[in-house]
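*Asks:* Sequence:
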Amino acid sequence: MSCDLVLSALGAVSALCIDQVNGCIVAGVQEVIRVYDPEARKIVQKNVGHTDSVRCLIHIPERSQYISASWDKTVRIWNAYKKTGRKRANVEFRENDEESDN
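The sequence shown begins at 1 in the UniProt record's numbering and counts up by one.
Be a bit skeptical, because a hint or two may be false.
Simulated restraints on C-beta separations [unchecked claim]:
1) L7 to E62: 24 to 30 Å
2) L16 to T84: 20 to 26 Å
3) T51 to V6: 24 to 30 Å
Calculated pairs, EDC-like style, for lysine to aspartate or glutamate (alpha carbon to alpha carbon, straight line, at most 16 Å) [claimed, not checked]:
4) K46 to E31
5) K83 to D37
6) K42 to D19
7) K73 to E31
8) K82 to D37
9) K82 to D19
Hints were generated in silico from the structure; no laboratory data involved.
All C-beta atoms, glycine included, are put in the ideal place defined by N, C-alpha and C.
Input sequences plus hints: build the corresponding full structure.
*Replies:* This is the structure:
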């Protein structure tokens, strides 16, 4: 079997969880929390604050938060990534559109 997708973590991954609301992969990469969007194939959020490797990581969808624990002896609460949809302009174009004076 082959792997479907490889995302570069840019460091050692020590913790991992899935953000099921957005379909993102949340990884503790050394002392940084990185949120990857597998559809966009890029990092969409980076949370910096720990001073040592992240040990544990969970997503709490009801509160839109990630919680991380680190070897730096801290537990941190982060705002979860919010995926924004692309909005289409609702504009209709007509040929030979004339203004009328009413």
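*Asks:* Take the hints in turn and mark each one as holding or not.
*Replies:* Here is how each hint holds up against the structure:
1. Our hint of 24 to 30 Å for L7 and E62 holds, since their Cβ atoms are close to 27 Å apart.
2. The beta-carbon spacing between L16 and T84, approximately 24 Å, falls within the hinted interval of 20 to 26 Å.
3. Between T51 and V6 the CB atoms are about 29 Å apart, so this pair conforms to the stated range of 24 to 30 Å.
4. Among the hinted pairs, K46 with E31 is consistent with the structure: their alpha-carbon atoms are about 11 Å apart, no more than 16 Å.
5. For the given pair, K83 sits about 9 Å from D37 by alpha-carbon distance, which is consistent with the 16 Å threshold.
6. A distance of roughly 15 Å separates the Cα atoms of K42 and D19; the hinted pair therefore holds under the 16 Å criterion.
7. Pair hint K73 plus E31 holds up; C-alpha atoms about 12 Å apart against a cutoff of 16 Å.
8. Between K82 and D37 the CA atoms are separated by roughly 11 Å; this keeps the pair inside 16 Å, and the hint holds.
9. Proximity of K82 to D19 is assessed by CA-CA distance (about 10 Å); at most 16 Å being required, the pair is judged to hold.
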